[in-house]
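Peer 1: Listed in order, the protein sequences are those of chains A and B. For the first sequence, the residue numbers in my numbering are 1 to 254. For the second sequence, the residue numbers in my numbering are 1 to 74.
Quick caveat, the hints were computed from the structure, so don't treat them as lab data. Since the structure is predicted, the reported quantities are computational estimates derived from the model, not experimental observations. Watch out, some of these pointers could steer you wrong.
[Stated by the list, open to error] Interface residues of chain A toward chain B, partial, derived using beta-carbon atoms under 8 Å: (1) Ser170; (2) Arg174; (3) Ala181; (4) Val235.
Glycine is no exception: its CB is placed at the ideal position from the N, C-alpha and C atoms.
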Amino acid sequence: MALNPMAQFAVKPLVPLHIGHYDVSFTNQSLWMFIVVGAASLFLYLAARSRSLVPTRMQSIAELSYEFVGSMIHSTSGEGGLKFFPFIFTIFMYVLLSNFFGLIPGSFTITSQIVITFSLAAVVILTVILTGFFRHGIGFLKLFVPKAPIYLLILLVPIEVISFFTRPVSLSVRLFANMLAGHTMLKVFAGFVIALGATLVTSKPWLAPLSAGPLFLIIAITALEILVAFLQAYVFAILTCIYLNEALHLHDDH
Amino acid sequence: MELAAAKMIGAGLACIALVGAGIGIGNVFGSYLSGALRNPGAAAGQTTNLYLGFALCEATGLFGLVIALIILFT
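Take the sequences, apply the hints, and build the full model.
Peer 2: Here it is in structure tokens:
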């Protein structure tokens, strides 16, 4: 049994497949992606199937999540943003469920892989850029020109361009680093519990009850990680809404 | 100095970036609390900005942590 806290992030192929030179094996990461998507779809389908006017408990959870994302989009991007509701809802539920399922002991956290979070962030930025160009044509580039006198613009425009292009990087690294740090911390404390418990078979068995300390810490940190899982999903979704709002209504001040 | 020792020292130094994250997060929540205690009616409307500010602040600290992990593991 490895006490290495980083061993949990290893992507292991479960069903090796090769197409030509490419390794397209079905890995544990693919398995958990299927589980997340399957669980989200199954839950929403089954919960909303009865469509009763006075909702049952499961239906009310589905309605609450719908309402939560809907009000988030409406408050940040107004009516024009509601066209993007399926996109934002999918991103929110996907990130939320992958973060939550990663807390199950023995599972694999897909959002702790930078390739997954970077793909999501790249899709978001591509959507923002394409929306901006389709709606405003070449006038979308006015996004980088705030209202300022000309001598400040020479400094401001490069800063605005650079800050726009660091958005996908910061979106992806924020989610990835939060998940990585949280899970590594959990495994490090678990290592402490095992190391202290293993003193039962050595010459100092009185140290073994001290393993209750790290155990309580693990319980508290898991509670923190549940909060962080929800918060990171919410922040990813709301930043997507804010970027879409900037693309849809360039610099409209109302 | 051997590479492994230099890596450990580098990773430890890179974690000093988390000091900024701690100060920033404390600042965000402290400002929210002092504003909410003066004007409780307006507090509920600002919870969105609170969580957003917290996450953005934490992200910059975690960028430093990612550099530390990169130094340590590659």
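Peer 1: Indicate, hint by hint, whether the structure satisfies it.
Peer 2: We went through each hint and held it up to the structure:
The closest approach between the C-beta of Ser170(A) and any C-beta of chain B is roughly 6 Å, which is under the 8 Å cut-off, so the hint is satisfied. Checking Arg174(A) against chain B by beta carbon gives a least distance of about 4 Å; that is within 8 Å, so the hint holds. About 6 Å separates the beta-carbon of Ala181(A) from the nearest beta-carbon of chain B, less than 8 Å, and the hint is met. For Val235(A), the shortest C-beta to C-beta distance to chain B is roughly 4 Å, which falls under 8 Å, so the interface hint holds.
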